[in-house]
Amino acid sequence: MANKLESTFLNMVLVLTIITCIAGAALAGVFKLTEEPIRLSNLAKQKVALEAVCPEFDNNPLEESRQVEVNGVQATIYTARKGGVVVGSAVETITKKGFSGEIKVMVGFESDGRIKGYEVLKHAETPGLGSKMQEWFSATDRPAQSIIGKNPGVNNLTVSKKGGEIDAITAATISSDAFLDAVKNAYDAVQLNTTAN
Amino acid sequence: MSRVKLLTNGLLKENPVFVLLLGMCPTLGTTSSAINGLGMGLATAFVLICSNVVVSLVKGFIPDKVRIPSFIVIIATFVTMVELMMQAYIPSLYASLGLFIPLIVVNCVVLGRAEAFAAKNNPFDSMIDGVSMGLGFTLALTMLGGVREFFGTGKIFDLTIFPESFGALVFVLAPGAFIALGYLIAAINKFKANN
Numbered sequence: 001m002a003n004k005l006e007s008t009f010l011n012m013v014l015v016l017t018i019i020t021c022i023a024g025a026a027l028a029g030v031f032k033l034t035e036e037p038i039r040l041s042n043l044a045k046q047k048v049a050l051e052a053v054c055p056e057f058d059n060n061p062l063e064e065s066r067q068v069e070v071n072g073v074q075a076t077i078y079t080a081r082k083g084g085v086v087v088g089s090a091v092e093t094i095t096k097k098g099f100s101g102e103i104k105v106m107v108g109f110e111s112d113g114r115i116k117g118y119e120v121l122k123h124a125e126t127p128g129l130g131s132k133m134q135e136w137f138s139a140t141d142r143p144a145q146s147i148i149g150k151n152p153g154v155n156n157l158t159v160s161k162k163g164g165e166i167d168a169i170t171a172a173t174i175s176s177d178a179f180l181d182a183v184k185n186a187y188d189a190v191q192l193n194t195t196a197n
Numbered sequence: 001m002s003r004v005k006l007l008t009n010g011l012l013k014e015n016p017v018f019v020l021l022l023g024m025c026p027t028l029g030t031t032s033s034a035i036n037g038l039g040m041g042l043a044t045a046f047v048l049i050c051s052n053v054v055v056s057l058v059k060g061f062i063p064d065k066v067r068i069p070s071f072i073v074i075i076a077t078f079v080t081m082v083e084l085m086m087q088a089y090i091p092s093l094y095a096s097l098g099l100f101i102p103l104i105v106v107n108c109v110v111l112g113r114a115e116a117f118a119a120k121n122n123p124f125d126s127m128i129d130g131v132s133m134g135l136g137f138t139l140a141l142t143m144l145g146g147v148r149e150f151f152g153t154g155k156i157f158d159l160t161i162f163p164e165s166f167g168a169l170v171f172v173l174a175p176g177a178f179i180a181l182g183y184l185i186a187a188i189n190k191f192k193a194n195n
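Sequences listed follow chains E and G, in order.
Mapping of the first sequence onto my numbering: position 28 corresponds to residue 28, and the numbering continues sequentially without gaps.
Mapping of the second sequence onto my numbering: position 154 corresponds to residue 154, and the numbering continues sequentially without gaps.
For the record, the hints were derived by calculation from the structure and aren't laboratory data.
Bear in mind the structure is a predicted one, so any value in this text is a computation, not a measurement.
There may be inaccurate statements among the hints.
Unchecked claim - In silico DSS-like links for lysine-lysine, alpha-carbon gap of 27 Å or less: (1) Lys96(E) to Lys4(E); (2) Lys47(E) to Lys162(E); (3) Lys162(E) to Lys122(E); (4) Lys45(E) to Lys4(E); (5) Lys65(G) to Lys4(E); (6) Lys65(G) to Lys122(E); (7) Lys184(E) to Lys104(E); (8) Lys155(G) to Lys4(E); (9) Lys47(E) to Lys82(E).
What the hints assert, rightly or not - Derived list of chain G stretches under chain E, where covered just means 3 residues or more per stretch with a C-beta under 8 Å from a C-beta of chain E: (10) 85-94; (11) 169-177.
Each residue gets a CB set at the ideal place from its N, CA and C atoms; glycine is no exception.
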């Protein structure tokens, strides 16, 4: 094209500088615009997870959180209270033993240590196999594979192949094992927290 | 080329996935269900339309030797915008596509159209080309996602057609993407040969 700028050094530097400046400004604008909604949607997601796993509470567990380190991973403990009395807690933690990458879970415990519920927050397990974690271990109509209502301090929550009492997901023993490891991390974090108090 | 022809070009005759075989990474990676394919297709289409228009507007000011980096910066800007917007307003879709959104930057469909079409045509035609290619890409990804979801889990758009236990899991996994894509391309070629 005749009217095209020539590829002189000055032209190239100028054009690239101008383009990146405009791009930067545009992105800053969009970032400012979306910063608040993103923060809110992340908070909402955490709140939904908390409500799903915890016993009924009336405080804001997000404000009563504590970081602990357990078995080499980070865990965040949220305390749930009703009328000022501790009714249970939720623990957000990970395991590094997943089939592909980390598995992030939130596990809710009653005050006596029984598992109330859990949410798989993030994982990269095989779709259709390991990804069934959310449904598999919460199927209360199948006691052999469900962890709901069980207490990791009393029950042996490992896969049956390792002598435990939980049936692993069919064809996904590694994922199942990893998931149960995450649950154990969560339980240990609660224990650590209560003894520390 | 007439504008109508330009608009239908990307749907079948030069469909970016089935005919040009561009953008295979997101095509194979994100199409485990119809809704994921649709989401990814629309996100790419948005980027494609915006980048085509902008590239076409600024083509006179960009020296030839730095045109590729310039295009990449423009495309990356739009991709990041899509990512932020999606994270803010459709978090559920972001949760399943999040990993693949930044990869739109290196999607050959987007850069390919900027280089092959937008850099040589006026903004309006470039926009039409973006719409056409974007829709073609969306169509292809949705079809592929639908086929994989149907054979893998017995559902289409989460609507159960037959029980999940009869599904062939392989279709949801990576090999199924290749198999399904291969048969779809064969079917499209057959269809084109008959016309």
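Hint check results:
1. Lys96(E) to Lys4(E): 54 Å, violated
2. Lys47(E) to Lys162(E): 35 Å, violated
3. Lys162(E) to Lys122(E): Holds - the C-alpha atoms of lysine 122(E) and lysine 162(E) are around 25 Å apart, at most 27 Å.
4. Lys45(E) to Lys4(E): 50 Å, violated
5. Lys65(G) to Lys4(E): 11 Å, holds
6. Lys65(G) to Lys122(E): Roughly 43 Å between the alpha carbons, so the hint for lysine 65(G) and lysine 122(E) is violated.
7. Lys184(E) to Lys104(E): 13 Å, holds
8. Lys155(G) to Lys4(E): Distance ~53 Å between lysine 155(G) and lysine 4(E) Cα, so the pair is violated.
9. Lys47(E) to Lys82(E): Status holds; Cα separation ~16 Å.
10. 85-94: Holds: 5 residues of the stretch 85-94 of chain G have a Cβ under 8 Å from chain E.
11. 169-177: holds (count 3)
The structure shown violates the earlier hints numbered 1, 2, 4, 6, 8.
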